[in-house]
Amino acid sequence: MDATITLTVDGRERTLTVDTRTTVLDALREHLDVTSPKKGCDHGQCGSCTVLLDGRRALPCLALAVAHDGADVTTADGLATDGELHPVARAFLDADAYQCGYCTPGQVCSAAAVLAEAGEGWPSAVTPDLDAERVTLDRSEIAERMSGNLCRCGAYANIVDAVASVAGTDGGAR
Amino acid sequence: MRPFTHLRPDTAGDAVATVAADPDAVFLAGGTNLVDHLKLGVATPGTLVDVTGLTSTAVEDLPDGGLRVGAGVRNSDLAGDPRVRRAYPALAAALLAGASGQLRNMATTGGNLLQRTRCAYFQDVTTPCNKRVPGQGCAARDGWTRYHAILGAAQDSAGLQHCVAAHPSDMAVPMLAFDAVVRLTGPDGDRAVPITEFYRLPGDDPSRDTVLRRGELITAVDLPPSPIAARSTYRKVRDRASYAFALVSVAAAVAVEDGTVTDARVAFGGVAHGPWRATRAEDVLRGAPATDDTYRAAADAELADAAPLDTDVGGNAFKVPLLRGTLTSTLRTLVEGAA
Amino acid sequence: MSTPEMLTPRAMGTPRRRVEGPAKVTGTARYAAEHPLDRPVHLHPVLATIPRGRVTAIDTSAAEAVDGVVAVLTTRDADALADTSDREFTVLQDDEIGFRGQYVGAVLADTPEAAREGADRVEVTYEQDDFRAVLDPDAGELYAPDAVNPAFATDSVIGDADAALGEAEVVVDATYTTATTHNNPLEPHSSIVVWEPDGGRFTIFDSTQGVSTTRSNVATVFGMDEADVDVISPHVGGGFGSKGNLHANVVLACLAARRVPGRPVKYPLTRQQMFSLVGYRTPTIQHVRLGATREGRLSALVHDVVEQTSRTKEFAEQTATYSRSVYAAPHRRTTHRLDMLDVPVPSWMRAPGECPGSFAAEVAMDELAVACDVDPVELRIRNEPDADPETGKPFSSRHLVECLRRGADRFGWSRRDPTPRARLVDGWWSGTGVAASAYPTNRSPGSGATIRYHRPAADGAEHWDVEIAAADIGTGARTVLGQIAADALGVDVDTVEVTVGDTAVPPATVAGGSSGTASWGSAVVDAAQRFRAKYGTDPSDGDEIEGATPENDWSEHYAMSAFGAQFAEVLVHADTGEVRVPRMLGVFAAGRILNPVTARSQFIGGMTMGLSMALHEDSVMDPRSGHVVNHDLANYHIASCADVGDMDAEWIDEEDPYVNPMGSKGIGEIGIVGAAAVVANAAYHATGVRVRSAPMLVDHFLD
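Protein chains in written order, with my numbering: chain A, 1 to 174; chain D, 1 to 339; chain W, 1 to 703.
Okay, chain A solo, but in the shape it has when bound (with noise of 0.2 Å):
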């Protein structure tokens, strides 16, 4: 059973046909040719496939394309903006918090939307007061909240260096 929906994608809007069993993943990947979110458990185990739906980070895996016409889509691809990379993804680089790379557009998706979640003040499963207005995200903060996405390489460390550096703490010490 096929429908129609349109998605923007990375600013660009995109119609295309779609099986009502495609997910926003397989939809993006295999009809539309955009590969930047990774498919690496297809069920919302490991966060390769982070993106921002409607503005928040999200696993288009467990999305289907179907529910979601007429969403945003933003992927680390479409983070960048006029050719200049995301902070977040300079600072991957900078910390070289990743290896062999098929995680890290998830993780980049994520801590962008890391520093915009914390940025509204919400809090996390380590925050010591959950009534605080402000968070300050510390390395345990910065870990909690990028556990979503696993990196089998081992990147951890270099990651939460990486996001540290772009929230403006030092993450405490190391």
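These are computed hints drawn from the structure, not numbers from a lab. Hints are all accurate, no fakes.
Some chain D residues judged to face chain W by a derived CB distance under 8 Å, without partners named:
{"hint": "1", "residue": "Met1"}
{"hint": "2", "residue": "Gly41"}
{"hint": "3", "residue": "Asp312"}
{"hint": "4", "residue": "Val313"}
{"hint": "5", "residue": "Gly314"}
{"hint": "6", "residue": "Phe318"}
{"hint": "7", "residue": "Thr328"}
Computed footprint of chain W on chain D, listed as stretches where at least three residues anywhere in the stretch have a Cβ under 8 Å from a Cβ of chain W:
{"hint": "8", "region": "113-121"}
{"hint": "9", "region": "133-144"}
{"hint": "10", "region": "237-244"}
{"hint": "11", "region": "320-326"}
Think of the CB as a built atom: it goes at the ideal place given N, C-alpha and C, for glycine as much as any other residue.
With chain A's structure known, arrange chains D and W on it following the hints.
Chains D and W only, in chain A's frame:
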């Protein structure tokens, strides 16, 4: 994956009517569990009725001082709501302990309550499962039960189908502790079910997780006013530091005066077919001195009927001391923090 | 022989970012399944649901009726393969089932959804035989393989270890176990295969640690000339050994491609499929006996290993070889015995042998330190050999003691109170531990490299192409080979462009055994030297030459290994048994570090995977069905970001002229060696509970 039709009705009433009339139709909300099940073949609906936008996405103040959480409120928004963080910190903490930032942005309040067990056998259609296919048998009973129930499970006996599955929700655990009320709309009208009565034990039909009737849709969850909830916490123990389901979890709230527990709310996650209200533990706590001995006694009272599984593949007897230790630690921390 | 000459480091040794970095952080780097295709056919396999027996019937009619299904392959109609000597690769050739999850069919369709639905609708009937799927030394007949991976002696005996143990003042006698673990690179194994019937050619986009290996294996299995198999793999999303050998998935995709000539067949494995089809690390049962003086000087070292292999294909992990070269002891013995089971084929996983072997050996050393009341750093120093303990060869370089001392200094070891279960802070028992690391320094012959010089007439800016079919699986090979080439040619590194991952360029050995940089770099150096010898310092536009990895005659004279010392701080919750690792430090001696940026990542990456092994990883085999129950990333836990604390790695300056012209040693695997042990040792110091199995779970620390 079976082909299906995707419908997007205009109203909740239309959605309810559609699902009530079609045994092959199911509701779709955030999709974080259902889409997973579609791929695995665990769910094989012919029609998905998309309820996104049909239920409230707001957290509203109730006249009695409580909160009404729309079924469409995303887990991340609920966790971030200042009223929840202040008045029901265990709920905010439980939400934040669940899944990942990405999934919390997708998952809804209604969907979270209705997520299904992560029993590895339930999720693998090549192994028998009474919950998936009633009467098929239970591969978990002698299998890998690290994430399975130790309380209230259905052991084989006259008329019962074996099921040792545990409910995976973190959010539901403090909601149970705080006597939340699940508001439903259905083909026969609206009703409100106390969450204490919302989840079923597997009993004679492990395929049903809750008392929801065909076509009923969760519209909201009411959190009653609860002064004790403001001093509550949620403690989750898992096999890695984040992004994992609970081995056991504890939602707890206590009031202490002059070293004596005057009131307590305790619920467990990861140990039963639904979130588990520890009323026996609460009874032990009320009126007792706020000491480790009391906390352990409370845990032991609740665990008296625990029936852990001992299997060749990996049993779950460890959950008994683990839950005892987790409850003790949680209550101690809560009381020390309040002092 | 005089000491060989090494390259003068200019670019080598300087920090340099990965050249493909911008493509990776934006996601524009294309991995195997991501190459744009015209009218692709999607493959979804049908997997055996029994562990042993045979297919008795297959009904494909319902699958063929699915809208969009193009073809269904089964054991009944797949093309015959030319070479069926390797049972892992004899895909769909007969009805025999050797393990649960084996391919019994595949559905090809115009969309992934239709392929998946079709696969669900293939009805397979089986006849099941008795089987065994769980390692059990008491149930099976253990046997000694002819050799252990890749070609080590199965057993080694020096002196009389039993007699020495009988006379020893202190004896440690304990059994250690490690769980089955799966490599689980984040990029699933993936292939796109096009079969061109005219002339009979395969073009394969594959996620592999060695395009040349894929090419030669496919050519063998299909009875083709290697020249008729093109393999392209510019970016690889991790492998950790599981993409080092060909696996059945590529054979299946090739068989499928022959069914739809001219159309590309696309087959990315699902995560669940990766638990039965692309290798894993065997579980191990390791009996270690140490005999020592009261001062902790080893007189005897015995390491007996039992592990599993598959009836489909033997793989014997060289688990005890770690104990052959690290500590001095006059009397020693190592053995390997296998239990052959009806299970998927085990294979390489990061530091096969050394990784699980070091867990047992290094925890045993910690137990000896406790038994002798000797500091565990000092104990290791006391047992430092002057030459390789088994071969008697001198080490080309060995700085384990320096690593231990430097690490101890950095970690604040001198302040450590050895008393276990003595530090309770905020409800957590705290402790620290140490373990050694070692990994052999390998260099494989068989790689070639082309160097080509360009000086475009337009602007005259010279640049150099370096081409070698190496693999960059996240190691930084592309970047580091450029640094090596620059120094070998004596040119600016920014003028060098490296091409890897394509059989169109000279062949390369697999990215395995931590041998990649040494093997490929040696070929690049050889090519550079030939280039200068032929063209001098003023070459012309387009001049090119090919070089190859020379044999290393020095390996006859020297034992070659990298060494390291790891330190960890561990917290164990007093009430819940939760384990945390807030601090981990590795100090390594691994020859010249060619790129400090990528090297540090390699070290901490290995340490992180070792931490993950220590705390999480456990593929649970269900003996009733022969399948890994927790076959996804929700249930098979690998370390998450929150599991890693302050983790750092450093190294000591070490130049080793005997290993290769760069003076470098392999660094991809040593980080995981000893990493699980150091966590277990620190957990003992924290709690007084000696855990002799990996992973350590809350269960181990509950009353």
